[in-house]
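Participant: We have chain A already, so just place chain B with the ligands on it with the hints.
There are 2 protein chains.
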Amino acid sequence: MGFLKSIFSSSDSASPSPNAISLEEYSAPGMSDRLGTQSRIYFSTDRSIDLYELEELCDSVGWARRPLRKVRKALQHSYMVVSMWEVRGSRKRLIGFARATSDCAFNATVWDVAIRPEFQGKGLGKALMSYLISKLRREDISNITLFADPHVVKFYGGLGFLADPEGIKGMFWYPN
Amino acid sequence: MGFLKSIFSSSDSASPSPNAISLEEYSAPGMSDRLGTQSRIYFSTDRSIDLYELEELCDSVGWARRPLRKVRKALQHSYMVVSMWEVRGSRKRLIGFARATSDCAFNATVWDVAIRPEFQGKGLGKALMSYLISKLRREDISNITLFADPHVVKFYGGLGFLADPEGIKGMFWYPN
Ligand SMILES: CC(C)(COP(=O)(O)OP(=O)(O)OC[C@H]1O[C@@H](n2cnc3c(N)ncnc32)[C@H](O)[C@@H]1OP(=O)(O)O)[C@@H](O)C(=O)NCCC(=O)NCCS
Ligand SMILES: CC(C)(COP(=O)(O)OP(=O)(O)OC[C@H]1O[C@@H](n2cnc3c(N)ncnc32)[C@H](O)[C@@H]1OP(=O)(O)O)[C@@H](O)C(=O)NCCC(=O)NCCS
Chain A
1 MGFLKSIFSS SDSASPSPNA ISLEEYSAPG MSDRLGTQSR IYFSTDRSID
51 LYELEELCDS VGWARRPLRK VRKALQHSYM VVSMWEVRGS RKRLIGFARA
101 TSDCAFNATV WDVAIRPEFQ GKGLGKALMS YLISKLRRED ISNITLFADP
151 HVVKFYGGLG FLADPEGIKG MFWYPN
Chain B
1 MGFLKSIFSS SDSASPSPNA ISLEEYSAPG MSDRLGTQSR IYFSTDRSID
51 LYELEELCDS VGWARRPLRK VRKALQHSYM VVSMWEVRGS RKRLIGFARA
101 TSDCAFNATV WDVAIRPEFQ GKGLGKALMS YLISKLRRED ISNITLFADP
151 HVVKFYGGLG FLADPEGIKG MFWYPN
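These protein sequences, in sequence, are chains A and B.
Here the first sequence is numbered in the working numbering, starting from 1 and rising by one per residue.
Here the second sequence is numbered in the working numbering, starting from 1 and rising by one per residue.
Keep in mind that the hints are not guaranteed to be accurate.
One copy or any two copies: either way a pair holds, since identical chains are not told apart in the list.
Mimicking BS3-like on lysine-lysine, the simulated pairs with C-alpha atoms at most 27 Å apart in a straight line are [claimed, not checked]:
#1 K122 with K73
#2 K135 with K70
#3 K92 with K122
#4 K122 with K70
#5 K154 with K73
#6 K92 with K154
Bear in mind the hints are in silico, worked out from the structure with no lab data behind them.
None of the values given here were measured: they were computed from a predicted structure.
Extracted from the complex, chain A is given alone in its bound form (with noise of 0.2 Å):
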């Protein structure tokens, strides 16, 4: 858990000051209206996320469940691994999560874009989508690619993401 611990490193751990380098305070205009004055959302890309914290995230946008084995090397072999947490007074709470693979230099791929849904429609998941496009850019990473279920392929094309451009399919192997 280096995200508790980074958060709650400073003195006051009642008004948590993170001074993590991962760790970036995120506000908006009229957050506070949808989300109330309570709360303070924050991104991390630390990816030592609790597994278990991760799975009812995955659980609550419907995913089906992974052996957890899988999902740590899969956090340990993404390029970049980003969340979004709420906190409130000493709680805080996993969100959102969005991870990305990549060869370091030309493309990533991102993979496992959640928000929470009671925290859905409020500007959060453009808000965590446009921090991680920002972070694969400062690498110089000039070619970011995703596979968009049907439901969500307007909500990536609002970030900046085209299908298909110039007639590029994706495609997915399957076992003959």
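Facilitator: Okay, now just chain B with the ligands, sitting in the frame of chain A:
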């Protein structure tokens, strides 16, 4: 040039009998009709490929040049790099290439598939992709994906790849 060294590490260098772990001879019925009896074809997963030789292969299929510094980084950080070599007597030549990024657990994405033009249409692209797929499957990667240019959708279709399964769309990010 790890490849040359390993391919010619046997005592009889005129008739290489590759014994390095990452080297496998490829043969198929009718191959000598298509390639001539002088040619032997090998697969390799050795990623220490001469970058100029790789650039020449990419040039031969008309791809835009990329900075070698980034190509080197991409090879290092790909999960799997497969190459195909023609050996005639003591000369060897890079004739095919493909690589994949991955989280080492769930997903792999295939990039940069190329067969040298004079070797195309002889079943070698299919052989190289089948080799890559079997390697990925052996590592228990369940989801093998790629982004196909329109003119190669059929080629990948023949290998068991489906375009847009269940409406899933490949998407690319473009700076606004
Ligand atoms: C998809 C998901 C990450 C979006 O997160 P979110 O926080 O609800 O999205 P936001 O509030 O940031 O929405 C940003 C914009 O996208 C739009 N949008 C969000 N979800 C959308 C959807 N499913 N369809 C169409 N538009 C959508 C919003 O209307 C908003 O538009 P605006 O900028 O014009 O106001 C979230 O709904 C989710 O986790 N869904 C379940 C998991 C999932 O399907 N993940 C994708 C797997 S490929
Ligand atoms: C695409 C490429 C890798 C195919 O390699 P290849 O060695 O020529 O292909 P093969 O001879 O193994 O062909 C296997 C099968 O695919 C078919 N096929 C090959 N290329 C095809 C194409 N462009 N369109 C449709 N079918 C094709 C063959 O007819 C063959 O069919 P069969 O199994 O029914 O006989 C090669 O043509 C190439 O390097 N092209 C240039 C680079 C490129 O476009 N790469 C893909 C970037 S996304």
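Participant: Hint by hint, say whether it matches the structure.
Facilitator: So, going through the hints one by one against the coordinates:
no. : hint          : verdict
1   : K122 with K73 : neither (31 Å within a copy, 38 Å between copies)
2   : K135 with K70 : both (25 Å within a copy, 18 Å between copies)
3   : K92 with K122 : within (18 Å within a copy, 59 Å between copies)
4   : K122 with K70 : neither (31 Å within a copy, 38 Å between copies)
5   : K154 with K73 : neither (31 Å within a copy, 33 Å between copies)
6   : K92 with K154 : neither (30 Å within a copy, 49 Å between copies)
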